[in-house]
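Asks: Sequence:
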Amino acid sequence: MINTLRIYEELSQALEPKAAQKLASVLGVIYEDLQQTVTKAEFNDLRQVVRELAEAQKRTEIRVEELAEAQKRTEARVEELAEAQKRTEARVEELAEAQKRTEVRLEELTVRVDQLAVAQKHTEDALARLTLRVDHLAERLDDTNRQLGGLAATVGYTLENEAYRSLPPLLERDHGLVLTEPLRRGWLTDAEGQDLEVNILGRGTLAGESVWVIGESKVQLSQNDVDRFLRRRVEVLQPVCGRVFPVLVAHMVTGRHVPDYARERGVAVYLSYQFNPPAI
1 MINTLRIYEE LSQALEPKAA QKLASVLGVI YEDLQQTVTK AEFNDLRQVV RELAEAQKRT
61 EIRVEELAEA QKRTEARVEE LAEAQKRTEA RVEELAEAQK RTEVRLEELT VRVDQLAVAQ
121 KHTEDALARL TLRVDHLAER LDDTNRQLGG LAATVGYTLE NEAYRSLPPL LERDHGLVLT
181 EPLRRGWLTD AEGQDLEVNI LGRGTLAGES VWVIGESKVQ LSQNDVDRFL RRRVEVLQPV
241 CGRVFPVLVA HMVTGRHVPD YARERGVAVY LSYQFNPPAI
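The working numbering puts the sequence shown at residues 1 to 280.
Because the hints were derived from the structure by calculation, they are not lab data.
It should be emphasised that the depicted structure is a prediction, and the values quoted were computed from it without experimental measurement.
Honestly, I wouldn't trust all of these hints.
Stated by the list, open to error - Below, in silico cross-link-like pairs of lysine-lysine (DSS-like), each with a Cα-Cα straight-line distance of 30 Å or less: (1) K40 with K18; (2) K72 with K58; (3) K58 with K22; (4) K40 with K22; (5) K58 with K18; (6) K100 with K86; (7) K72 with K100; (8) K72 with K86; (9) K18 with K72.
Modelling step: build the complete structure from the supplied sequences, incorporating the hints.
Replies: Below, the structure is given as structure tokens:
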């Protein structure tokens with residue numbers, strides 16, 4: 001009689017308990033059925049086949065377990081890919097919303113640019129009108145300047161003519177300078193050979209010495225006029241003229257200290273209200 005318990009114990013080492021029990025039971029039935037028909041050698045062969053089947057079953061179960069683990073990894077990877085897909089879709093949706101906002105902003109900017117273009121056209125039209133106006137004003141200003149220039153020249157010449165008549169007695173009275181020739185507008189040549197026009201020019205004597213009277217007339221005298229007169233006429237002509245007596249005449253001054261400023265620098269100053277008819 002076959003020992004099914006021992007077979008069960010052996011099978012349990014390779015199979016699940018239920019499978020080992022079932023197989024041991026089947027072998028017991030087969031053994032009883034074959035006891036009358038198979039030999040011991042054949043039965044041993046059958047037992048070997050059963051062992052091989054058990055080993056194959058064990059390998060199958062191992063492979064199934066490996067496949068189950070692979071399936072778990074696949075499912076995990078699929079889940080990761082699904083999450084990544086969700087994130088991608090969310091990002092695409094965000095980009096789509098950003099694109100919509102960009103398009104709206106672009107439309108707003110387009111409208112704004114159109115408005116600016118219209119405003120620019122208005123500005124250009126206004127600027128063109130303003131340019132014409134400025135050109136017109138510039139022409140009028142040029143005319144005014146020419147008129148003022150002519151008026152200033154007239155006033156200057158009038159002042160010079162008054163100076164020619166009135167300065168001789170004033171210079172003699174205030175400074176002891178006696179003119180030996182009439183005052184006039186004339187030309188002198190400086191040390192470099194350059195001809196310079198002098199508004200008020202004449203010769204005289206002062207304390208027994210010969211002097212050149214060199215002067216200018218200004219409608220409105222300033223400190224800058226004083227400095228310019230000294231620099232451009234007195235300083236450059238003194239080396240060739242010897243002793244120079246500088247004098248400035250004007251209708252008015254730009255400040256109350258201008259006459260003192262000139263006198264401190266050796267320049268005689270006379271204003272037009274000081275001119276009187278020469279004494280006879």
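Asks: Report the numbers of all earlier hints that the structure fails to satisfy, in ascending order.
Replies: Those not satisfied come down to hint 7.
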